[in-house]
Amino acid sequence: MTGIVVPHPWPRDEHEAAAIQERLRPLVDRDGPGPQRPRLVAGLDVAYGGDGEDDGADGACRVAAAVVVLDAESLTPVEEATAAGDAAFPYIPGLFAFRELPVLVEALGRLRNIPDLLLCDGQGLAHPRRFGLACHLGVITGIPSAGVAKTPFTGSYDARALGPQRGDGVPLVDAGETVGRVLRTQRGVKPVYVSVGHAIDLDTACRHVLALAPSYRLPETTRLADRLSRDALRAHG
DNA sequence: GCGACAG
DNA sequence: ATCTTGTCGC
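Counting in numbering that gives the first Met the number 0, the final residue of the first sequence is number 236, and the numbers go up one at a time with none missing.
Please note: incorrect hints may appear among the correct ones.
[Claimed, not checked] Straight-line alpha carbon distances no greater than 20 angstroms define the calculated DMTMM-like cross-link-like pairs of lysine to aspartate or glutamate that follow:
(1) 189 <-> 157
(2) 149 <-> 173
(3) 149 <-> 202
(4) 149 <-> 167
(5) 149 <-> 225
(6) 189 <-> 225
(7) 189 <-> 167
For the record, the hints were derived by calculation from the structure and aren't laboratory data.
Build out the structure end to end from the sequences listed, making use of the hints.
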């Protein structure tokens, strides 16, 4: 009966957007340890319709967000919520969060359960200003969060040192700082890029990501949220 | 200065 | 993100 309602600052342009990230960055709790035995883990994702990339400077195009809450033990869906609308910000690397935040927050607000962990589709600390989408969502909701990205953004790593086994990983380093981990979730597949979002440490985050990805490259949370967001886009859009 | 750049 | 056929493999 709660519902996660979170007012958050909104920028008019990219300059203000970067300023907001700088202002909220100090609020990030990077040290966890975070939830060791989370009961509910939420996966979040957004699907794009129509223009997608060829949108104007305002970035307007249909978007649909989905949140899927899983029982961490059985990986069974407990609840799901969606929200559709028009993107209120263009896609700009580094400011990506402002494109997905509005619909994601709206979807989160429709949840009856409060997840113990938020797994986001994108980066957390592995961001040029150390404030990617996962950090942003974690800070404004106060819920522990982590980012799981399919491709790297900020930072570099030693690919030769990355083992082939599920669970193998190497640090993702940027400007001499470890900002995340390149993690192999399955043998024979490309790794994913895990980074801390808020109120959890990197080891714990990677442990949960592995537990949530027993059969595929991406965690079940992400896979289900991805599917649901596309369905929501078809239903609306 | 040039290129690269989460989704 | 999204646009898209066939194809290799479990």
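Taken at face value, is the distance from the CA of residue 225 to the CA of residue 189 at most 20 angstroms?
Given that 20 angstroms is the threshold and the Cα spacing comes to 19 angstroms, the pair holds.
Agreement of residue 149 and residue 173 with the hint, judged by alpha carbon distance not exceeding 20 angstroms
The hint holds at about 18 angstroms.
Starting from residue 189, check that the Cα of residue 167 is at most 20 angstroms away, please.
holds (12 angstroms)
Holds or violated: are the alpha carbons of residue 149 and residue 202 at most 20 angstroms from each other?
Within the cut-off at roughly 18 angstroms; holds.
Given hint residue 157 paired with residue 189 - CA-CA distance at most 20 angstroms:
Between residue 189 and residue 157 the Cα gap is close to 14 angstroms, so the pair holds against 20 angstroms.
Hey, residue 149 versus residue 225, does the alpha-carbon distance stay inside 20 angstroms?
holds (13 angstroms)
Given pair status - residue 167, residue 149, alpha carbons within 20 angstroms:
Measuring from Cα to Cα gives roughly 16 angstroms; hence the hint holds.
Violation of the numbered hints given earlier is absent; every hint is satisfied by the structure.
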